[in-house]
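Chemist: Sequence:
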Amino acid sequence: MHFSSTHSIRSIADLSYSQQVTELNSESSSIDSRVPVGWKTQALDGGYGWLVVLGSFTIHVFSDGFVYSFGVIGQALVETYGYSNAEVSAIFSLISGLMYTVGPIAGVICNKFGCRTTAIIGSVLATVGCGLAYFSTRLVHLILTVGVLVGTGFGLLYCPAIVIVTMYFEKKRSLASGITVCGSGVGAVLFSKVIGLLLTHLEKSNTNILFIFPIYGVFTLLCIPCALLFRPLPKVPIYDNSEEDAKTNENAKTATTQKPNSSCWRKIVDTMGLEVLIDPLYILYTASNVFVTMGFNAAPMFLPMNARAVLKTNKDQESNTLTAYGVANTIGRIAFGILGDRKLPFRWGKDTARNRLWTFTLAMILSGIPCCFLFAIDRLWVFLVFTSFFGFVSSSFAIFTSVVLADLLGMKKFTSALGLLFLFQSVVCIIGPLIGGKLYDITHRYDWTFVFLGACFIVGGVMLPFTQLIKNREVATRIETVKYIFEQVII
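Just so we're aligned, residue 52 is where the sequence shown starts under the working numbering, counting upward by one.
Some hints could be false.
[Claimed, not checked] What follows is a list of derived Cβ distance ranges for each label pair:
no., residue 1, residue 2, range
1, I521, A141, 39 to 47 Å
2, I493, T188, 26 to 34 Å
3, L279, F475, 24 to 32 Å
No lab work stands behind these hints: they were computed from the structure. The C-beta atom is built at its ideal place from N, Cα and C for all residues, glycine as well.
Kindly produce the complete structure, drawing on both the sequences and the hints.
Modeler: This is the structure we're talking about:
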């Protein structure tokens with residue numbers, strides 16, 4: 052009976068996907084009978100796409116749940132094996148760092164073999180890493196298995212989970228992305244409790260606590276059926292609409308064929324999509340994102356530290372600050388996801404892409420301003436209100452980073468551009484906490500730490516609207532300029 056119902060659900064999903072693809076193909080064929088000059092993917096905006104969101108959401112639950120709960124495992128490693136906090140932190144740094152660092156590699160694999168294959172490879176790597184960790188006898192073994200293998204696996208899971216949702220949705224892209232990234236909060240809350248209970252049980256039964264890793268490997272293995280939901284999108288033909296378009300296409304072909312180059316560097320550029328690195332639009336957006344990332348990743352770490360230093364809180368009260376941040380952040384991801392797809396009731400509010408950009412801008416500035424005045428807070432309830440507000444408005448960063456990038460560059464370059472963006476994020480994820488900690492060491496207060504983090508939010512937010520000015524320039528001119536620089540100057 053169970054098999055029958057499961058089979059029926061799968062059949063319905065297959066039928067829904069097939070119907071949507073058939074409708075798109077029939078619409079495309081009825082529009083024009085000419086020979087297409089190219090093909091592009093077509094967003095389904097619903098239907099089977101919600102199963103893709105479910106798969107991506109679940110991957111976020113399992114991968115981010117492990118990362119955000121690693122502190123519980125790390126404490127057990129310190130108490131059981133006598134490792135120092137710095138040694139355990141090295142494992143955590145590798146996991147979180149590699150999740151972003153392998154972004155360009157994940158982007159290349161996604162472009163070459165698809166999001167489904169990339170995510171499956173990531174799931175297998177993470178599962179193998181968890182399994183081998185049980186046999187570790189030295190710290191270096193844990194660094195290689197948990198840090199390197201699991202971290203790389205999570206990176207190959209994280210990138211396609213973001214990319215596939217962005218590709219499947221256009222009109223409801225913000226909402227779909229918001230639901231997806233909520234998996235991070237759910238995973239953090241769920242697995243911090245589950246892992247804690249499992250470790251307690253292992254200790255009471257005198258079982259090696261390293262057995263926690265193979266147990267979690269079961270969850271990482273469950274990412275494979277989630278990845279199987281990542282079906283390739285249907286493609287629709289691209290036609291020339293006028294003689295002028297045909298001429299433009301011919302010029303573009305001429306521009307790319309006048310100087311044939313089969314060098315190794317040229318192949319690397321084409322494979323990894325490196326030409327976006329000299330696109331002024333991408334450079335400015337990346338610079339903005341780098342500033343915001345520095346504040347977004349470091350601020351939650353310093354919130355409980357500031358509460359302890361200034362408000363003299365205990366552990367329970369410090370935990371409440373993180374709970375307030377986490378709950379508000381999760382609610383904000385849904386709220387901004389809904390808002391990002393809506394047309395606003397004023398003259399310039401009909402363009403949803405523009406609305407997203409300005410909402411993103413305002414949210415980042417509103418995230419930064421309160422941070423700069425955190426020194427004025429001397430009561431716990433006010434601090435909790437600030438933490439909740441900050442968690443709510445800063446949540447927009449998790450949603451709009453990929454969505455606005457797709458709005459600005461389009462889907463053709465999106466996968467490679469997002470992978471490279473993750474690489475830059477991995478660097479500032481390390482730099483941000485280091486600078487914040489150094490400012491505290493110099494001043495012995497967290498005031499200047501939060502002023503710095505708030506300034507990062509504000510600077511990044513102020514830079515965002517200028518991307519729209521660059522985008523408004525003639526797209527073809529910008530693209531041809533980039534091609535010329537790469538083919539005539541760099542290569």
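Chemist: Now, for every hint given, state plainly whether the structure supports it.
Modeler: Comparing the hints with the structure gives:
no.	hint	in the structure
1	I521 <-> A141: 39 to 47 Å	holds, 40 Å
2	I493 <-> T188: 26 to 34 Å	violated, 41 Å
3	L279 <-> F475: 24 to 32 Å	holds, 31 Å
The structure fails to meet hint 2 from the earlier list, while all remaining hints are met.
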